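Student: In order, the protein sequence lines correspond to chains A and B.
Residue 158 in our numbering sits at position 60 of the first sequence; the count goes up by one each step and never skips.
Residue 304 in our numbering sits at position 167 of the second sequence; the count goes up by one each step and never skips.
Keep in mind that the hints were calculated from the coordinates and are not lab data.
Computed from a predicted structure; not experimentally measured.
Incorrect hints may appear among the rest.
Said to hold, decoys possible - DSBU-like, lysine-lysine: derived pairs with alpha carbons at most 30 Å apart:
1. B:K444 to A:K215
2. B:K444 to B:K472
3. A:K241 to B:K358
4. A:K241 to B:K447
5. A:K195 to B:K330
6. A:K338 to B:K304
7. B:K444 to B:K210
8. A:K320 to B:K364
9. A:K292 to B:K358
10. A:K292 to B:K302
11. B:K302 to A:K215
12. B:K334 to A:K241
13. B:K357 to B:K330
14. B:K335 to A:K139
15. A:K320 to B:K358
16. B:K202 to A:K241
17. B:K334 to A:K179
18. B:K358 to A:K252
19. A:K320 to B:K334
20. B:K412 to A:K343
21. B:K358 to A:K343
22. A:K303 to B:K334
23. B:K357 to A:K177
24. A:K338 to B:K335
25. A:K252 to B:K335
26. A:K279 to A:K215
27. B:K444 to A:K338
What the hints assert, rightly or not - Examples of chain A residues lying across from chain B (beta carbon under 8 Å, computed):
28. R223
29. R313
30. L363
31. I465
32. L469
33. R517
34. W592
Where is the CB? At the ideal position from N, CA and C, for every residue including glycine.
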Amino acid sequence: MKPDFFRRCFCPIAMLILLLPSFTLGQDVLAGDVFSETLTKLNATSMQERSAAIDQLAAVKEPRAIVVLQALLDGHLLKLKDDGKLVIGIENSSGYKLSDAKTGQDLGVADHEAVQKITVNNSLRISLRKTIGHLELSANDAKVRLGAVYAIAKSIDDEGITLLRDRLAIEQDATVQDEIKLVLGLEALNSADKTARLGAIDLLKNHANQAVVNRLNALVEKDADGHYLEADADVRNQAKVALSKINSRLQWYAAVETLFFGLSLGAVLVLAAIGLAITFGVMGVINMAHGELMMLGAYTTYVMQQLMPDYLGWSLILSIPAAFVISASVGIAIERGIIRFLYGRPLETLLATFGVSLFLQQTVRSIFSPLNRSVASPEWMSGTWQINDFLSLTWNRFYILVFCVLVFALLLQILKRTRLGLEVRAVAQNRNMAKAMGIPTARVDALTFGLGSGIAGVAGVALSQITNVGPNLGQAYIVDSFMVVVFGGVGNLWGTLLAGFALGIANKLLEPVAGAVLAKILVLVFIILFIQKRPRGLFPQKGRAAEG
Amino acid sequence: MKKFSQKLRTLAAAMTFAALTMSASNAQAEDTIKVGVLHSLSGTMAISETTLKDTMLMLIDEQNKKGGLLGKKLEAVVVDPASNWPLFAEKARELLTKDKVAAIFGCWTSVSRKSVLPVIEELNGVLFYPVQYEGEESSKNVFYTGAAPNQQAIPAVDYLMNDLKIKRWVLAGTDYVYPRTTNKILEAYLKAKGVAKKDIMINYTPFGHSDWQSIVADIKKFGSAGKKTAVVSTINGDANVPFYKELGNQGVSAENIPVIAFSVGEEELSGIDTKPLVGHLAAWNYFMSVDTTKNAAFIKQWHDFIKNPKRVTNDPMEAHYIGFNMWVKAVEKAKSTDPDAVQKAIIGVESPNLTGGMSKMLPNHHISKPVLIGEIQDDGQFVTVWQTNKLVDGDAWSDFLPESKPILADWTAPISCGNYNTKTKKCSGQNYK
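Chain A on its own, in the form it takes in the complex (with noise of 0.2 Å):
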């Protein structure tokens, strides 16, 4: 019996377990089929298709589906035009660096005409920032999961909700832990159980953010006859008391965001009126043309990026001393060639300066054609630095008003201990005087107001970063730079740095009650009214020189 039994029954054993091996390399092979074939689904030509596709890729038990699927949503999978095989192509000057999507083998590189991008919709990123968020909550790095937490928040729904309470049970990371118990907290307001209501204000109330404010604030709104949107009383209570707790903390980050806004909307006044400070507050010359400098050195920008378009980075920083050199050669030939001939008579220097205004803007207007062009920002510059849950400053903002003080001190110090900052005094306070004690006057005339366009042309360079490079751009800020010149007292560098913030702030204090338009006119008035009262400015001028 036994060894009968032993023959019936091992034989199929032994088979199962000779066979083993070759079943699972089958499923394997099924596998990578599977996987190569909704690979090639994603090339349909509906949108709905390609959802459909993203679903089975996510379904497919195959870790380079992540890559493709990331791939997609970068914008980086794409279809070569021959042979419609999908690769990833990172784009660089000369085209595309190509690896092939199923194996992730290096393809070499192939030009812009060879391929063809696989377009997404809205709703494709939406799905596709899911399923990679899905699949990525189980990663290794506790960054990732922490990304896969915010993209699953973003398009909540049951599965995410499951997938969450899973993770937050073996989860280890205590930021990625908050973060799950916020969005879990954040859905337990929709329960129908009340204490798992009560629960999550009790919750949420330490994790404040301004989406925990507003689910809070209408969980203690009334509807339009009256009755209140929560209808139990008790987490009504519980949602003030939170809401009393995090309002405190909200107004003053709001203070400190307000104050942000307008100290960085300060900096940029300022760097476009510090160079009209030195031209028309240290030598009287009204330079209508100084923003032409400024929309120069954004051109140079420009054209530096053009030059280099591998390494943005790089290419903004050199773009300043680029800048700074064109526009200060550009103002000494002006200044050269123009203005000297009217000094002492502001009105025709005035009409001459908006001449060449309009001269260099059609200039711009000939070489760069009169669309504006394209600058784009390196990564660094993009973004927001999420300081809390309620502040969060813009990188570029942040890094203009740094640029700011910084070119501020460094013109300070250029006009407190050098030669040519003595020799700019002096022929400031005393002209006569200070070509009798033998001060090349003339020479200290080019080279100020050299200096002050080629402070100009950096503030190009920064100004390239926030809003548009085209010949227009100084129209925008001329104005605005002669009214912080003339607010801050004209000849004081201190005025016009301490006017541009206030400007800025103030336009930013008024701009939530008043509107933008009207925040701008109240603003004007205010100068004007100012302006009658202290006809010097902030900070006058003192001494003989000043009277004279």
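Guided by the hints, dock chain B onto chain A, whose structure is given.
Tutor: Quick look at chain B alone, frame taken from chain A:
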């Protein structure tokens, strides 16, 4: 000073003379039909309008290759109103009285059209206006080939409401007549659809506004209330780039708060870094990416004419294409370029548009067009995500504003009026009965 102005005058006279002899040397004056092109070639609007001038030259050139019109060659008379609104009126007068043009194709901003309007009505000219606008107007002398609000704004809001399930609305615009009127219509429309007042946020900014920090922060706060939010943008021109940049920097993406724009087209996108715009929407009646043989031929013709394969086509160009072909057909039908005859003949004329349909000139001087909604791609092109299944008739007077609801524009007998009140049976404004 006197000497200087005298010199200027002589200079101007010499220049006009040179221009006249130049145009006269092209062809004998009697043998040609003159077509006025009234687009700014300098100043702030040059950025958009120069392209339309080139489009007109291309269309006229093409028509001449086909043998001209009524056996005569067409001749373009190009003037430069320099983005200066009163100058538009002066130049229009010059075109009609001095050059005696048969039709004018021109204007971009509403204020320039309003400036030309009294001149063109006084001298009984014909103007084809190719840009989407706020409506509330219909002149005997103007043909509106751009979109009226019901051909752009209203379908866009419908799309957001029905397909994207938008519940909260930000209406952001530049502070002038087009956004103000459009937003008034949209607000009335949204309220009629049951959107509460607290779910609508309206915001106006000055021309060329570049500091969007607090406004975008407000939009972000407004949009985080747990209801799906969208921005309907009538922000014009240059202010768009800093706006989208700020949106991108503050982390507002098209997936959470989509922005639908009515003034951002291929031409505008070609000058900017499109990274922060990808996925945001625009509503137009034409996209360069539309896949029809007519459009492919038009793009090829444009590239050949402008000798630059990188130039893009856009919606107002298509409007000129339709408008010009309609005018040609009307002149052929009337066998004359006489304004009255053309104005009569053109109503009902059909001409193919570039998206595969037949646009028709309606009695209210607007045309029928399809409405397309596209998502911006990183190459500056649009992918059409939604379109009306048939052409939409342009409505001069919005039905969603109480004051313009009873108003009707119909330039055929017996009404023959651009501002006819169906309740009081009275025609106000321009009336040439």
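Student: Please verify whether A:K320 and B:K334 have alpha carbons no more than 30 Å apart.
Tutor: 14 Å, holds
Student: Any CB of chain B closer than 8 Å to the CB of A:I465?
Tutor: Check failed: Cβ of A:I465 comes no nearer than 14 Å to chain B, outside 8 Å.
Student: Between A:K195 and B:K330, is the straight-line Cα distance small enough, at 30 Å or below?
Tutor: Between A:K195 and B:K330 the Cα gap is close to 50 Å, so the pair fails against 30 Å, i.e. violated.
Student: So if I understand the rule, the pair passes when the alpha-carbon distance is 30 Å or less; does B:K444 with B:K472 pass?
Tutor: This hinted pair is violated, its Cα atoms lying about 35 Å apart.
Student: Would you mind confirming whether the straight-line C-alpha gap from A:K252 to B:K335 stays at or under 30 Å?
Tutor: 23 Å, holds
Student: Run the distance test for B:K444 versus A:K215: straight-line Cα separation, threshold 30 Å.
Tutor: 26 Å, holds
Student: Hey, A:K279 versus A:K215, does the alpha-carbon distance stay inside 30 Å?
Tutor: Roughly 38 Å separates the two Cα atoms, so the pair is violated.
Student: Are B:K302 and A:K215 close enough, with their CA atoms no more than 30 Å apart?
Tutor: Given that 30 Å is the threshold and the Cα spacing comes to 28 Å, the pair holds.
Student: If you take the shortest Cβ to Cβ gap from A:W592 to chain B, is it below 8 Å?
Tutor: 23 Å, violated
Student: Need the status of pair B:K358, A:K343: alpha-carbon distance at most 30 Å?
Tutor: Holds. B:K358 to A:K343 sits at ~19 Å (cutoff 30 Å).
Student: What's the verdict on B:K334 and A:K179, does the C-alpha distance respect the 30 Å limit or exceed it?
Tutor: Measuring from Cα to Cα gives roughly 51 Å; hence the hint is violated.
Student: Please work out if B:K358 and A:K252 have their alpha carbons no farther apart than 30 Å.
Tutor: Holds, because 15 Å separates the two Cα atoms, which is no more than 30 Å.
In terms of the numbered hints stated before, the structure departs from hints 2, 4, 5, 12, 14, 16, 17, 20, 23, 26, 27, 31, 33 and 34, listed from lowest to highest.
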